[in-house]
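Read top to bottom, the protein sequences are chains A and B. For the first sequence, position 148 (counting from the first letter as 1) is numbered 148 according to my numbering, and the numbering increases by one without interruption. For the second sequence, position 21 (counting from the first letter as 1) is numbered 21 according to my numbering, and the numbering increases by one without interruption.
Any given hint could be a false lead.
Stated by the list, open to error - Here are the simulated DSS-like pairs of lysine-lysine, each with C-alpha atoms no more than 27 Å apart in a straight line:
(1) Lys-32/B with Lys-73/A
(2) Lys-32/B with Lys-73/B
(3) Lys-146/A with Lys-73/B
Since the hints were derived computationally from the structure, they do not count as laboratory data.
Here are the chains, one letter per residue:
2 protein chains.
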Amino acid sequence: MQRIANLLICKDNEVLLLKKPRRNWYVAPGGKMETGESIFEAAVREFTEETNTVPIKPYLKGIYTMVIEEDGKRVDEWMLFTFVAKDLEGTPFQETKEGILEWHPVEELHKLPMAEGDRTNLLFAVHEQGIQYGTFVYTPDFTLIKETIQYSLEGKVNNG
Amino acid sequence: MQRIANLLICKDNEVLLLKKPRRNWYVAPGGKMETGESIFEAAVREFTEETNTVPIKPYLKGIYTMVIEEDGKRVDEWMLFTFVAKDLEGTPFQETKEGILEWHPVEELHKLPMAEGDRTNLLFAVHEQGIQYGTFVYTPDFTLIKETIQYSLEGKVNNG
């Protein structure tokens with residue numbers, strides 16, 4: 001089961017996105033968790049490798065089960081962990097082998113081309129408190145077939 | 001990569017723990033995530049199956065990479081997701097095929113027999129705000145060899 005961690009910087013009303021060459025769709029920078037890492041370490045390492053910058057105080061915003069279905073059959077499944085940070089150290093690459101890094105006003109998350117589940121997740125990450133969970137089912141060409149979403153907000157444990 | 005979700009109820013200064021028969025070690029009730037589920041759904045389903053109760057407003061407290069090493073080689077690896085809830089609906093089973101369910105004062109988490117990484121994680125879950133991440137490396141008989149821990153607290157994104 002592959003695990004992908006990505007990280008969205010949301011600073012001064014702008015977000016740092018990676019435009020991938022294949023469809024010109026936007027994603028938050030990230031990549032595959034490696035054996036023995038924690039998911040936090042994976043998110044920071046992948047973000048740093050892809051952008052040449054270090055995120056400041058990242059925190060988790062979402063955990064998603066991603067499923068590809070073809071002809072009613074599940075053909076792939078992985079987990080996606082989305083982090084946010086409000087600041088970063090360093091100057092991002094402009095272009096990498098993964099695509100082009102661009103700052104966009106946060107409200108453009110509503111309209112930039114991207115997978116529809118990613119839009120749901122990134123909008124949650126920048127606008128809402130707490131953590132979102134869910135399952136997104138896509139066709140092989142990333143048309144969203146179905147989504148189910150849950151949400152949690154940390155409660156106060158009074159006996160700590 | 002197996003993914004385990006567990007859930008600790010912490011209510012009225014007591015926690016609900018499962019005493020496993022093999023070593024009489026204590027754990028939070030939980031079990032394996034199934035294909036297509038979200039991790040939130042897995043935690044609630046497994047907790048409900050093991051206790052016959054429904055957790056109220058659970059929220060995530062930790063994500064861990066668990067590694068078993070033998071003779072310096074990694075022989076197993078899985079992920080553990082720990083949730084907390086402050087209340088539950090229903091009356092827990094007293095005994096299940098998995099072990100005996102017992103309420104204990106929260107401070108007994110410091111001394112009840114359990115894997116040392118589990119102690120670290122459950123104490124964090126009941127006492128601290130935010131989310132803990134980390135990697136725990138054990139021998140095959142669950143002696144803790146090494147741990148690395150990270151932590152995050154949600155920041156305020158000012159442009160939401």
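Do the hints match the structure? See the list:
1. Among the hinted pairs, Lys-32/B with Lys-73/A is consistent with the structure: their alpha-carbon atoms are about 22 Å apart, no more than 27 Å.
2. Taking the CA atoms of Lys-32/B and Lys-73/B, the gap is near 24 Å; set against the 27 Å cutoff, the hint holds.
3. Note on Lys-146/A and Lys-73/B: the hinted pairing is violated, with a Cα-Cα distance of about 41 Å set against a maximum of 27 Å.
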